[in-house]
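Protein chains in written order, with the working numbering: chain B, 1 to 301; chain S, 302 to 616; chain L, 617 to 981.
Rather than coming from a laboratory, the hints here were simulated on the basis of the structure. This one's a predicted model, so the numbers in the text were calculated from it and none came from an experiment. From the three backbone atoms N, C-alpha and C, an ideal C-beta is built for every residue, glycine too. Check before you lean on any hint, since a few could be wrong.
Unchecked claim - For each label pair, taking beta carbons as the anchor points, the in silico distance ranges come out as:
id, chain 1, residue 1, chain 2, residue 2, range
1, S, Tyr606, B, Arg192, 26 to 32 Å
2, L, Ser698, S, Tyr606, 46 to 52 Å
3, B, Leu55, S, Gly377, 21 to 27 Å
4, B, Leu214, S, Val364, 37 to 43 Å
5, L, Asp715, S, Leu459, 54 to 60 Å
6, B, Asn141, S, Ser395, 30 to 36 Å
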Amino acid sequence: MADEIPTVADGAVEERFVETVEGLPTDPEHVKARRRRGLGLTAWLALGWLAVVALMAIIGPYLPLPERDVSCAREGPAAGHPLGCDQRGNDNLTLVVEGTRPTITLAVAVIAGAMILGGIAGLVAGYFRGRTDTALTNVLNIMLALPQLVLAMAIVRFMGQTFWNVALALVIVATPLLGRITRANTLTFSEREFVLAAKTLGAKHGRVMVREILPNVLPAMFSIALLAIAIVIVAEGGLAILNVGLTETSWGTLIAENRGQLRRNPWPVIVPVTVIFFTVLAFNYLGDVVRERFDVRESAL
Amino acid sequence: MSWRYVGRRLVQLVVVLLIVTFFSFMLINLLPGDPVDNLCTGVCDQEQEAQIREELNLDEGVVQRYFDWLGGILTGDFGRYYDSGVQVSQVLESALPVSLQLVIYTQIVALVIAIPMGVLTAYRAGTVFDRSSNATAFGFLALPNYVLAFYLISIFALGLAWFPPGGYVYLSDNPIEHFKSMFLPVMALAAGQVAVYMRLLRSDMIQTLQEDYITMAKAKGMPPRRVLFRHALRPSSLTLLTVAGLNVGTLIGGAVIIEVLFELPGMGTQIFLTINNNEYVALQSYIAIIGVAYVLINFSIDFTYSLVDPRIRHG
Amino acid sequence: MSRQRRRKLIEVPSTPHMGQPGAGPLLDVDGVRTSFDTARGRVKAVDGVTFRLERGKTLGIVGESGSGKSVLSRTIMGLLPSTATREGTVRFEGRDISDLSAEGYRDLYGTEMSMVFQDPMTSLNPVLRIGRQITESLRYHLDMDKREANETALALLDAVKIPEPAKRIRSYPHELSGGMRQRVVIAVALACGPKLLFADEPTTALDVTVQAQILDLLAEQQRERFMAMILITHDLGVVAGRADEIAVMYAGRIVEKAPTNVLFSDTRMPYTEALMKAIPKVSQPSHTRLDAIGGRPPDLINPPAGCAFSPRCPYAQERCRAEPPPLSESTRVAGHYFACFYPLGHDRPADTSPVTPEPTSGGAR
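One chain only, chain B, in its complex shape:
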C-alpha cells in the first residue's frame, strides 16, 4: 500500500481527505490530544523538581548539611559526600543548596519586574496602537539590536556588582522581550468584540485594559514568564562566568569560581551545571505545557 509520503501519520492528511470526501470537519489531532485529562508524568516530574528547588531556596541555609571537611578536598563522590567536594573541602551538595536562594530570588525578582514593566509597555502599545505603539516598538527594537549579554555586562560593571544591579541589568534585558509578547497578544485581543462591547458601555481605557484584555493576555505571558525564568537563571550563570555576576554564593558563582579547576576536579562545576540544566529543563517543559493548554493556535516552535 502506498503508505509512504504524503501519508503523515498524525492524521492530518486523512482528515483533509475525509473533508474533501464528505465536506464535514473532523477534529484535528491536537484537539484530540488536549482532551487527555490531567498532566503527564513528565509534567509531574518537572513540578517535583521545581518544588525541590523552591524548597532548597527557602529552607536551604537552615538545613544541617555537611560542613567543610578538609580531608575531602578535590575528591569526587565519596562516603559522606555524595557529590564530591571543591578544593577547599566544601561539600558540593551543600554549596549548591546554599547557592539556590540567591539564584532563584534573582530570577523571580527579575521576571516579576520585567513582567510588570514589559506588560504595561506591551499593553499600552498594543491597545493604543498608532504613534504610541510605533514609538515604543522602535525603542524596543533598538534595545534588542545591541547585544543583550554585553549590555547586561556593561551595566553591572559600571554600576557595581551588587545583587540589585545585576537584577536591574537583567530586567533591562528581559523587559523588551516580555513587552513584545504582551504587545502581540494585546493586538490580537483588542480587536475582539468583547473589548468593543466594553468600550461602548463607556468603560475607560484603563479599565478595559485591565478588566478585559489583561486576563486574556496573562496565560500567554505566564508561559513566557516560565521560559524567561529559565533564561534568567542561565544568564546569571553566564554573568558570573564573565565576572560580572553576583558576589554571594550562587549557582553561577560556583561555576565561575571552580572552572579553573576543571581539569583536576570537574565535580564542583558539574554539580551546579547539572542542577541548572534540570531546572531549566523543568521550566521549559512546563512553559510549553502551559502554552499548549491555553494557546489555540500552536506556533512553530
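With chain B's structure known, arrange chains S and L on it following the hints.
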C-alpha cells in the same frame, strides 16, 4: 521595484544605524564618575590624564563627541587600548575572523544536521522516531550552551583527550588542529540551533507534504527520497533560512561565554577583557560594531523578503 | 523492477497502444470498498464498486462531492493515506494491483496509469520549472538522457497546444494562466505514455471558456494514444458528449451505469434524473430556474438503512427506506445497470428484480 521605496528603506536604515551607534556610545558615557578616572583607575599620571582628555575631546558636549567618535569609526579609527596602547583596529583584524569563523561553522553544522533531521521527522511524523527526535531536540533547546560546553570539555577534552580543552589554532598554521580546537565550541553553540531549525523545518515540511503537487509527484512514480528533497524541501525552507540568517546576527553578540570558556581570541573574549579592564573606548567600538552588524543583517533579510513578496514592496 | 526492464518499446509517446485483441479488459474493478477511521467514526467512502474498462474507452464517473468518486480513483491508483482500509480487487491488464507495495505502485505510475488533478494551481510545484516537471518522469521511468527528454518535453508541450513551447519550457507555473497550467499537468501525466488516465475534475477549477478546450484536448490525446480514460466530475454536462459509458455514484456506490446515449435517453435512477435537471440547457429560456436537489448529502458514517438516496428521492416508497436496492441489469437494454426498486420509465416493479444478488460484472458495455 520602486526607487522611492528603496530610498525610504535606506533612510530608515541610516536612522537606525545612527541611533544604535549613539546608544553604544552613550552607554559608556553614562558611567558614573569621570571618564578619565574610569579609564585610568588610578594608574595615570598628570600627563597621561591630559593626553586622554585631549584625545577624547572631553571638553566638548556629548553630541559633539559622538560625531567625533563616529567620524573616527568611519575612517577606521576605533580608538586604542589605554593599558597597552594597541590600536583597536589592529586587535579587530585578528579577533573578528575568529568570531566569524565560530558563527559560520556553527550555522553550517547546525543546518547540515537539522535539514535531514527536519525532513525525516516530517516524513515520519507521529512515529517513535519522530517523537524521540523531538524530545531530544527539546532537551537540547533547553540546554544552555555553557552547560553543554562544560559537559563536552569534561568528557571529550579532559576525559578522552580527543580535543583540546581550550585555545585556538589558526587555519593557516595547522588545519587539523584548527578544526579540532573549534570542534567543541561549535558543538556547544550548534546544539541549540539544531533543535530550533529542526522543529521549524519539520513544521513547514509537514504542511508542504500535504500539498497537491506532492501527491502529483508521487503519482508520477517518483521515489520518496526524490519527492522529499527535490520537491518538498525547497518550498518549505523559507522560514528556516530566514531564521538562520537572523541568527547569524544574534550569534555574533551571544558567543561571548563560549569564546571565554574555550579561550578563543575572538571579539567575545575582547569584550570580556575590555569590560573587566575598564577599556571603555575599545568596548564602545565593539558594541557599535556588533550592533551595526545585527542591524545590517536584519535589514538585508527584511529587504530580500520584500523583493520576493510583491505585496510588501509597495506597502 | 530495474530501470532497464521498465524501458518501454514506445520511444515517442504518441504511439498508440495496441493491446492484443481479446485479452480482457484493461481495468477490472470488483467490489472495492474504502473506509477511513476518523474521530467521529468509520467513514465508508466507497461502498462496493464494480466495473470494467476496455482499452481506449472513456468511463465517466459522476457524483456530488462526498459520493466517493475521488476516493475511488485514488483507491484504484493506490494513492490513499495509510489510515484508509480497503477491500475488493482491482485488476490491471489481468494483474492484481489491489494491494501492492509502495514501490510496486510506483512502477505503475506514469507508464501504466496516470492522473490529472483538479486544481492546476496547486498540482504543479511552484519552485520548479515546467520543463523539469515533465522531463523528470521521462528521465526516471524511460531512462532518457537530458537532450532526449527535453525534445520529448517540447513535443509534449506542442501536443497539448501550448504556444511557444521552447520559451515556455523554462517557465515557472505561476507565469502561466490556469488553462495553460492544466495543459502542462496533462503533458506531465501523458509523458510516459500511460494506458489509463484518471482525470479528476480536470476542468472544475478553470474558466468555462477554457473547460471545453481542455476536455477536447483530453479527448484528442486519448484517441491518438488509444488510451483509456476515467473522467470524474460532478457535472453531467462534462461527460455528456465525451464518455462512452457513464457511472453515477451516490454515497459510495454506483447507482446507475450505462452507455452515454442510453443514460440520457432512458434514465432510470431518480438521482440521475435530478442531476440532469440541474444542468442548464441552451434550449431552455434564460433565467429558467434550475432544480437543485433538496436535502443534504448522506452521512457516510451511519448511512440510512435502505437506499442512500431515499431521504431525498421524490419517488421514495417504504421499501426504498427499508432495504438497499442492489445494482442490477436492465432487462430491456443490456449493459444498463441501476439500483432502484421503482425506477423511472414505464417499466415499473416488473423488471426490478435483481438478476444476481450482488453487483454484477457482466459485459463492460
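Comparing the hints with the structure gives:
1. S:Tyr606 with B:Arg192: 26 to 32 Å: holds (29 Å)
2. L:Ser698 with S:Tyr606: 46 to 52 Å: Since the Cβ atoms of Ser698 of chain L and Tyr606 of chain S sit about 37 Å apart, the hinted range of 46 to 52 Å is violated.
3. B:Leu55 with S:Gly377: 21 to 27 Å: Given about 57 Å between the Cβ atoms, the range is violated.
4. B:Leu214 with S:Val364: 37 to 43 Å: holds (40 Å)
5. L:Asp715 with S:Leu459: 54 to 60 Å: Since the Cβ atoms of Asp715 of chain L and Leu459 of chain S sit about 58 Å apart, the hinted range of 54 to 60 Å holds.
6. B:Asn141 with S:Ser395: 30 to 36 Å: holds (32 Å)
In terms of the numbered hints stated before, the structure departs from hints 2 and 3, listed from lowest to highest.
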